[in-house]
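For reference, the chains in residue letters:
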Amino acid sequence: MSETARIDAPGQLAGRPLEEWNGAYSKVESYFHALRVLNKVLLGQLVALVLERAMQRSASEPLRSATELAVEEMDRLFNEWFAQVLQAPPSGAEMLSTRGRMALLLADMPGRWQDQFLRPGPWPDEFVLAMRDGYLRAGPNFQLAQMTPRPLDLGPIATLTHWSGLPYVKMTMSWALFGLLLVLIFYVTHQ
Amino acid sequence: MPSVPPNSNPATGPAPSLVMSQLPRVRRGWRVFLFYSSAVLLTGLVSMLFADLLWRTGWSPSGVILLCLFIVLFFLIAMGCMHGVFGFVLRLTNDRRLTNLRDYLSQSIEGVSTALVFPIHNEAVVRVCEGLRATYESLEKTGCLERFDFYILSDSTDPDKWVEEEQRWIELVQSLDALGRIYYRRRVSNEEKKSGNIRDFLSTWGSRYRYFVVFDADSVMRGETLVNLVKLMEAHPQAGLVQTVPALVNAESLFGRIQQFANRLYAPIFITGLNFWAQGFGNYWGHNAIIRTEAFMQNCDLPQLPGRKPFGGQILSHDFVEAALLLKANWEVWMAYDLEGSYEEAPETMVENARRDRRWCQGNMQHFMVIWAKGLRGLSRLHLAQGIFGYLASPLWLFFLLTFNWMLWFEGHTGLSKITVHAFTPFLSVTGTEHAFLIFVICMAVLFLPKVLALVDLAFDPERRRAFGGLANAAGGAVAETAFSALHAPLQMLWHSKFVAATLLATGVQWGPPKRTADGIAWSEAVRQHWAHTLVGLIWGVAIWRLDRLTFWWFVPVMAGMVVSIPLSVLTSRAKLGQEARRSGLFLTPEETTPPLELAALRARMAILEEEGQIAPRPPDSGLADVVLDPYVNAIHVSLLREKRQNPAYARALSDLGVGQPRVQALCEKLLAEGPAELRREEKLLIMSDADQLPWLHRQAWLRPSATLARWWQTQIRQYAR
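Chains as they are written, first to last, in this note's numbering: chain A, 1 to 191; chain B, 1001 to 1722.
Bear in mind the hints are in silico, worked out from the structure with no lab data behind them. The model shown is predicted, which means the values in this text are computed figures rather than measured ones. Idealized CB from N, CA, C, for every residue including glycine. Mixed in with the good hints, there may be bad ones.
To be verified - With a cut-off of at most 30 Å between alpha-carbon atoms, the simulated DSSO-like pairs for lysine-lysine come out as follows:
| hint | chain 1 | residue 1 | chain 2 | residue 2 |
| --- | --- | --- | --- | --- |
| 1 | B | Lys1498 | B | Lys1193 |
| 2 | A | Lys170 | B | Lys1374 |
| 3 | B | Lys1328 | B | Lys1193 |
| 4 | A | Lys170 | B | Lys1328 |
To be verified - Example chain B residues on the side facing chain A (calculated, C-beta under 10 Å, incomplete):
| hint | residue |
| --- | --- |
| 5 | Phe1033 |
| 6 | Ile1170 |
| 7 | Gln1298 |
| 8 | Val1638 |
| 9 | Arg1699 |
| 10 | Ser1706 |
| 11 | Gln1719 |
Unchecked claim - Some chain B residues near chain A, calculated using beta-carbon distances under 7 Å:
| hint | residue |
| --- | --- |
| 12 | Pro1303 |
| 13 | Pro1631 |
| 14 | Pro1695 |
Can you build the whole structure from these sequences, using the hints too?
The following block contains the structure:
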């Protein structure tokens, strides 16, 4: 821990009760869990790194909770690191954060590169390449086109007035004749 | 000639030249005439016999009604019979079909791009993705994967499903290394449902592809089959759509396996019969079909029907209409019924089956409006009419039976003699009872002849015979299936009659998801669904017993299905009984005896995922929790939303939804402070559609002290602590 932490009164760290830092520790650790950083050694180092940065701010911002400071510092740390690795142009913190997290996932940080996460450069080329290529494409470039409904003339009367235009009219007529023949046979045989 | 030239998009290479292979009009007309006239002839002769029977008992207005109903209903079963008879004969003679019109297998598909689209709406996401994976891996083996792109086109309105779809999609893409090959898109609003979903895809990316293949949520297709479909389309430039005949697979319950067996055993002869008269004027069933993109885009944007529901408004069963519109524009629609490797799944229970029928019923009844549309091909009208009568037949059967009962009551009530004269039948020398029995036997023969022919067809084909577990097993299955159908048919009659009535009266049938146990329908659910059927069966049975005891026995098959509907529904939904039947060799299908690689892979993956608990239902609002708290899920979701904004149509839709307005910020605050239970689904969807608010929410949920967050959030965050 830093010099700031060491000069505290008993039961306190960076001017705050140990319990408060414990809460902050839990929150930061949970977030690293959410990032699937599962290696305990790396996890411990990263949480300590974040908390140390928070403790440095602790004295100057007494009204803010340790958890707030720690999460804020974690966020800053991430964005600074993302900016370096991705060589991202200056943009909003939230934009960078989203892109960075996306890149971590697509580069498979949890599976292959846990040891590189939040480490200062230089990083392996493969890792850097994977991170920088880590854009999510939900689809190829749009190639917009317009589909226009073609009206359907549904008027049954209009159709019914054009009997001759009906398909298979001859076939239908021949069936009708067949039916008439049956009626005739029936009539004759039932006299 | 087609009204539009085939795709000549430079991005997809030159299109093949147009060569018509359609039958000359006269020969086509002769096929239609021969087929339908056979059904008319059969109907005419048997109707004469029936009319004579009525004559013997004395003409009456109700007798005339009964005769009219008999003619219509017998014509429908005669058509079914003729499909079987024609199909049986043609399978022996290798009739004209799309796949033997031209050498399509040597056709190159170099430079041809095809999209495989999976429209989904609140589906079981794991199954959708695993089906896609099976198709992808199968296609990869053909060496033609680079010619295909996959699209999951979501219309899901359930926030949790939305997030799960994104999660599963990214997992799938990562595991197959298919970024830039498998895409995911969710529409902002699901207007015009599936047809709107497809249209949205075509408007956004359709121009990139010469063809697209539509999948259902549970479809799987073999890679080789997909490649062959593209080759077929290339070899037949006048074909606008080629429909495969999907085999029903993967059923576990007894009901599912019976349906699957019937589909696999009987479909070949029926579809061959259908192809005899339809030829290049076939139909589209909404999925497992390849479509020429440009032809579809130019002709198949469906108009709204005039008037109010149930007949007006959006066309629900769009597939038949789209095929009709393609045909209207002089494109051909074929059924490639002899292409194997096209699969889908079917409902596992009677209740789920009826639930699906409810949806289809309204869509088909709506075709009564479309059938009159000017310019449609005559055969399209026939397809539409058959769809309508597929459902209308049930109330007609019910009406037929009730009319007969009325006549019985009237005779009993008036004390009239039952046999009055000898007329036409003296030529046959039969008594009145024998006369009635003769008609009954003919009806049964017409109903069952196609099933017998399907078995004979199987007997002639040693390879297929083995695939069904041998002729004896198949015959046993057919007998058992027929017995089950006899019990199931009266229930279908009651259900469909109710659906038709509800459609005509424009009153919806409320039908939530059925309550299932781990092994099928729960008894309580069966009682809820079937108590009315049982009651109708009992009352009807007692009434006929009191009227005429001899007639009662004729009605036993009808009543039996209704009376035993509750146990029938429960027992046939049981997977255990399905497995028992399988062990004893009943209802075996080729895909069960020799599972194709793609299905075997799918089943293996699903079994693993089930064991890992990944298929189990997720807790409510789990998607919302993930999208706010999980750094990766949040990033995926926001990235997709940001990309969506680049499409002007989506950006407009998001704006219309209210994205970016101050209200969203207030809703986010409420979500953090009070939890998701205090928000309506539309409000959750609005928050989840805002690409600017979600990163803020993510940050705030982690940043804020626990005491300022709703207890629900505290619980969710604690789940990340190990």
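Notebook entry, point to check: Against the structure shown, which of the earlier numbered hints fail to hold, in ascending order?
Noted result: none
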